[in-house]
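Participant: Sequence:
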Amino acid sequence: MLGSLEHGPRRMTELAEEHAVQLPTMTVQINRLEDAGLVARGSDPADARVRTVELTGEGRDRLRAVRQARIAHLTTELAALTGEERAALAAALPVLAKLGGKPQ
14 MLGSLEHGPR
24 RMTELAEEHA
34 VQLPTMTVQI
44 NRLEDAGLVA
54 RGSDPADARV
64 RTVELTGEGR
74 DRLRAVRQAR
84 IAHLTTELAA
94 LTGEERAALA
104 AALPVLAKLG
114 GKPQ
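Heads up: the sequence shown at position 54 corresponds to 67 in the numbering used here, and the numbers run straight through without jumps.
Hints were generated in silico from the structure; no laboratory data involved. Remember, it's a predicted structure, so these values are computed and weren't measured experimentally. C-beta: ideal position from N, C-alpha, C; glycine also. Any given hint could be a false lead.
[Stated by the list, open to error] Label pairs and their in silico Cβ distance ranges: (1) A82 to G50: 16 to 22 Å; (2) T38 to R77: 23 to 29 Å; (3) L102 to Q35: 20 to 26 Å.
Could you put together the complete structure from these sequences and hints?
Facilitator: Structural data, given as structure tokens:
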């Protein structure tokens, strides 16, 4: 969820759609993150009825820390692979990117 807010404030409805959940479910998740001090709510300057959510400084720090830990773990795991296994994984990356909906 924190990664979805990395590039700036987002509408609650956008977040719910992105994560394929109903708005009440997203509200529960955002409430938990807000209680933990990781996100803050705001309003859309173009439409005061719209609620937005953005990362706090602590939220950005937590996102960065989690990513660094994940990279360190993957680095260790990849180092344990043989050269042939790493080559097979590299060859599969374009197909995996398509499955994840990310552009190549």
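Participant: Starting from the hint list further up, note which numbers the structure goes against and sort them upward.
Facilitator: Hint check: 3 fails alone, others pass.
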